[in-house]
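Just so you know, the sequences run in chain order A and B.
To convert, note that position 32 of the first sequence is 32 in our numbering; the numbers rise steadily by one, no gaps.
Our numbering runs 113 ahead of the 1-based position in the second sequence.
In case anyone wonders, no lab produced these hints; they're calculated from the structure.
Among the clues, some could well be false.
[Unchecked claim] Once the Cα atoms are required to be at most 20 Å apart in a straight line, the calculated EDC-like pairs of lysine to aspartate or glutamate come out as:
1. B:Lys216 <-> A:Asp57
2. B:Lys155 <-> A:Asp56
3. A:Lys11 <-> A:Asp24
4. A:Lys11 <-> A:Asp100
5. B:Lys216 <-> A:Asp56
6. B:Lys162 <-> A:Asp86
7. A:Lys17 <-> A:Asp86
8. B:Lys216 <-> A:Glu83
9. A:Lys15 <-> A:Asp86
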Amino acid sequence: GAGVSQTPSNKVTEKGKYVELRCDPISGHTALYWYRQSLGQGPEFLIYFQGTGAADDSGLPNDRFFAVRPEGSVSTLKIQRTERGDSAVYLCASSPTSRDTQYFGPGTRLTVL
Amino acid sequence: AQSVTQLDSHVSVSEGTPVLLRCNYSSSYSPSLFWYVQHPNKGLQLLLKYTSAATLVKGINGFEAEFKKSETSFHLTKPSAHMSDAAEYFCVVSDLTSGGYNKLIFGAGTRLAVHP
């Protein structure tokens, strides 16, 4: 079956611009997670959705970052006023329930010039 | 707070020789532990997971890991490396939060190179 997909695969933007990153989870998965992987490091947790609601957004670095999941399926990570330090690979994962194994998408590589 | 330390940032082996990727964890209670693999331009793939059943866990592609509570270790091994095993490997501990979901905490990763 189809896995987690993320679009775009690569995004290059200029400092100060707004970007949106999209995640399509596996069909039927209620739990969705966003992680950020900086160069040479392991992924770090950003936010967790159970259904439509953000159950834990404690990993979002600041208020420039925001994520939504309005219908409980597709999620969008939004970054305002991008900074060079936001450059990283943004990973999305989903799981059938909150306690199950997480399945990861291929990621979106964001480069802020 | 839980954490995980991968003791080697790079490991290089010859094809056909054993692989050992080392991981130590810190946890205040019985953890769930995972190994994920990341091939270039591909998503993270689960190799295996430990969830307090058998201490020796077998995963995909011939990998296995042993949970040793006394040593707080969860090292990943494979008897014979294949060229296709070259990738980045992440040891992960799960922080089962008060909200009842798995917040994954990743190590920094070990890059495995396999030489002919």
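To see whether the hints hold, each was checked on the structure:
1. B:Lys216 <-> A:Asp57: With Cα atoms ~11 Å apart, lysine 216 of chain B and aspartate 57 of chain A stay inside 20 Å; holds.
2. B:Lys155 <-> A:Asp56: 26 Å, violated
3. A:Lys11 <-> A:Asp24: 17 Å, holds
4. A:Lys11 <-> A:Asp100: Violated, at roughly 30 Å.
5. B:Lys216 <-> A:Asp56: 10 Å, holds
6. B:Lys162 <-> A:Asp86: 31 Å, violated
7. A:Lys17 <-> A:Asp86: 11 Å, holds
8. B:Lys216 <-> A:Glu83: The hint is violated at about 26 Å.
9. A:Lys15 <-> A:Asp86: With Cα atoms ~9 Å apart, lysine 15 of chain A and aspartate 86 of chain A stay inside 20 Å; holds.
Checked against the numbered hints given earlier, this structure breaks hints 2, 4, 6, 8; the rest are met.
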